[in-house]
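Protein chains: 2
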Amino acid sequence: MKEFWSKRAKALTPYVPGEQPRERKFIKLNTNENPYPPSQTAVAAIREAAGESLRLYPDPECTSLREALAATFDLKPGQVFVGNGSDEVLALCFQAFFDAERAILFPDITYSFYPVFADLFGLSYREVPLDECFGLPLEPFLGNNGGVVIANPNAPTGRAVSLCDIRTLLEGNPQSVVVVDEAYVDFGAQSAVPLIDSYPNLVVVQTMSKSRALAGLRVGFALGNENLIAALNSVKNSFNSYTLDRLALAGAEGALRDRDYLRAITMKISSTRDWAADRLKRMGFAVSDSAANFLFVSHPAVEAKALLDGLRERGILVRWWDKPRIRDYLRITVGTDEEMEALCQALAQLVPEV
Amino acid sequence: MKEFWSKRAKALTPYVPGEQPRERKFIKLNTNENPYPPSQTAVAAIREAAGESLRLYPDPECTSLREALAATFDLKPGQVFVGNGSDEVLALCFQAFFDAERAILFPDITYSFYPVFADLFGLSYREVPLDECFGLPLEPFLGNNGGVVIANPNAPTGRAVSLCDIRTLLEGNPQSVVVVDEAYVDFGAQSAVPLIDSYPNLVVVQTMSKSRALAGLRVGFALGNENLIAALNSVKNSFNSYTLDRLALAGAEGALRDRDYLRAITMKISSTRDWAADRLKRMGFAVSDSAANFLFVSHPAVEAKALLDGLRERGILVRWWDKPRIRDYLRITVGTDEEMEALCQALAQLVPEV
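Chains as they are written, first to last, in my numbering: chain G, 1 to 354; chain B, 1 to 354.
The hints are simulated quantities; they were obtained by calculation from the structure and are not laboratory data. Among the hints, a few may not be true.
[What the hints assert, rightly or not] Cβ-to-Cβ under 8 Å is the rule here; a few derived chain B residues that face chain G:
no., residue
1, M1
2, S6
3, K7
4, R8
5, L12
6, Q20
7, E33
8, P37
9, L54
10, Y57
11, D59
12, N84
13, S241
14, R246
Ideal Cβ placement from N, Cα and C applies to all residues, glycine included.
Could you build the full structure based on these sequences and the hints that come with them?
Written out as structure tokens, the structure reads:
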């Protein structure tokens, strides 16, 4: 097979997202979705946009949404780029800022889409090992490189990097772009957005999928200085003029207006995360410090794969990777209090009593 | 400027879509949108999908929509790929089927996004001149090449290619993929879909933006044998797991259910096109035979640019390109009868009486 496939396509190993079950009803703690519904303001805006105007193309420049994001983050609209989920935004960053000749650096344990993007666009990369506690070592990121990509907080560990460390990365890489992927930042890490005006090589990527409970709407965005945003626009306009449909534009703008709701659900999830982490620790789990809406856990007595399977039998989906260094860990999305209670009870059946 | 841009990004000349005016109310005959609203079934399906489930990722495999498309076109779901507008689908085709070493062939006058895709992905291409009447010569497409892309009907000329000619292209290129871009096929050309089971090198790309009046929803699709569709999935899953949001999936499926409405509005637009073409001919315009929802016209006495500007002053937007061979032409989208009447009256003020 693979007749007619391009060489690039033949060589790809695509990213595999977490399961989206279509039949049986599971407690879904496997794809870091928000357990709470999206803002009613967002839903109302979508319903209003669902009408005759769908016959017309959306605004290719997404001006209104970019203005709303600029106001939210105290930036200029020219410092904002929007795309079809932060995966698309990240992919366009790889095309816009990185060249084949110089290796991109990212941690060995991080969002596993980064090496896939690099392969798709024929870019070279080097995975820098995190330390034994999954902390980010700065030194290896400061040498000659073609760009740096880090997730803050990191996935799947949940560990946050300080703004001071981000500054060190930015100052140590004056010749290359540093992409900070802040998909989970609203659950407890410090955003690098306030550094944008000081560092011409900083791009911050965020998404509406997690904290704003809109994974089904596909809206991500990048924030950075106007020169970098112009590069993203140049690539995007060479790929697809209209990456956001009218409903996504309307819904995203609606969600931005509802700041109180964002604050309420992210605080609620953070507090659920913290008690669930305590409960799991008392059951003998090692639980890494998480600033995200998920926990990264391992148990000294039971293999993670056995826990994954046992939870699935009990109607609970979590995420596990058959990969070096993290084979003993599960990533568990923080759901509602009831879901986390059910998780703890199911795990209690799977691990020996302390 | 362009500090930190990748070499690729620095070299790009992005595609420029037709204007989407945000303020003044124009008669918009510039981007080939459908003048009629989308199917009510589509709108109802979107409103129903706008709710709590938006917190969850969409189905990354778009199974339900692919099944609906397969049923519509009498294919198997494995022969269907869906994407965020046919522009994205075409871009993924360029990545999935074409290599840098062998030149892709497409006409010199066609959808101007094709060379942009090729440049973005570092592919070489050769533009084959259409004949003097903008007809497609077959011979130059039959030699050694890295792939063929043709639009049927062609844009911006509106001219259709016969299925017999498509067969010749497919049989003359057993080693390379032939992409037939059928964005406008529902307005009067013959679709190549029935050839899919006979030709393993055929990919047909269509969109919901034109005949189904859903330009604002961003849904396109590719149809071809399962091996080619697998290549598209491989590339897409290395780029963005979820390219269609839940609302687009729901709306597209709703639109497919409403076959009578599709037939009604495409027939209405074709009949409006035909009388408008007659009227323009009687005003002295040369009008190419169009099987699409637009007319490609020129006038022996007045420059196209002057007509473009004169129409704009009169509140009517049409499309013009400052490019060799087509500088004397306007592309005019077929609107409602009232809009085309207004167009004819405005043009009557701009060209000498016959």
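### Message
Interface hint check: K7/B, Cβ to nearest Cβ on chain G, cutoff 8 Å. Holds or violated?
### Response
This interface hint holds because 5 Å falls under the 8 Å limit.
### Interface hint status, P37/B versus chain G (Cβ within 8 Å)
OK, holds: P37/B within 8 Å of chain G, min 4 Å.
### Query
With 8 Å as the cut and Cβ atoms as the points, is Q20/B at the interface with chain G?
holds, 5 Å
### Query
Given M1/B was flagged as interface, is its beta-carbon under 8 Å from a beta-carbon of chain G?
holds, 6 Å
### Restraint outcome when D59/B is required to lie within 8 Å of chain G by C-beta distance
D59/B check passes; min Cβ-Cβ to chain G is 6 Å, inside 8 Å.
### Task
Tell me if R246/B is really an interface residue toward chain G, meaning its C-beta lies closer than 8 Å to one of theirs.
holds, 4 Å
### Status of the hint placing L12/B at chain G (closest C-beta pair under 8 Å)
holds, 5 Å
### Query
Measuring from the C-beta of L54/B to each C-beta in chain G, is the shortest one below 8 Å?
Since the shortest Cβ distance to chain G is 4 Å, the answer is holds.
### Task
Identify whether the interface hint at S6/B stands, where standing means a beta carbon of chain G within less than 8 Å of its own.
holds, 5 Å
### Query
Against chain G, with CB atoms and a cut of 8 Å, does the hint on R8/B hold up?
holds, 6 Å
### Task
Mind checking the CB of N84/B against every CB in chain G and telling me if the closest is under 8 Å?
holds, 6 Å
### Message
Holds or violated: the hint that S241/B contacts chain G, with Cβ atoms closer than 8 Å.
### Response
Holds: closest Cβ of chain G sits about 4 Å from S241/B, inside 8 Å.
The structure agrees with every numbered hint stated previously.
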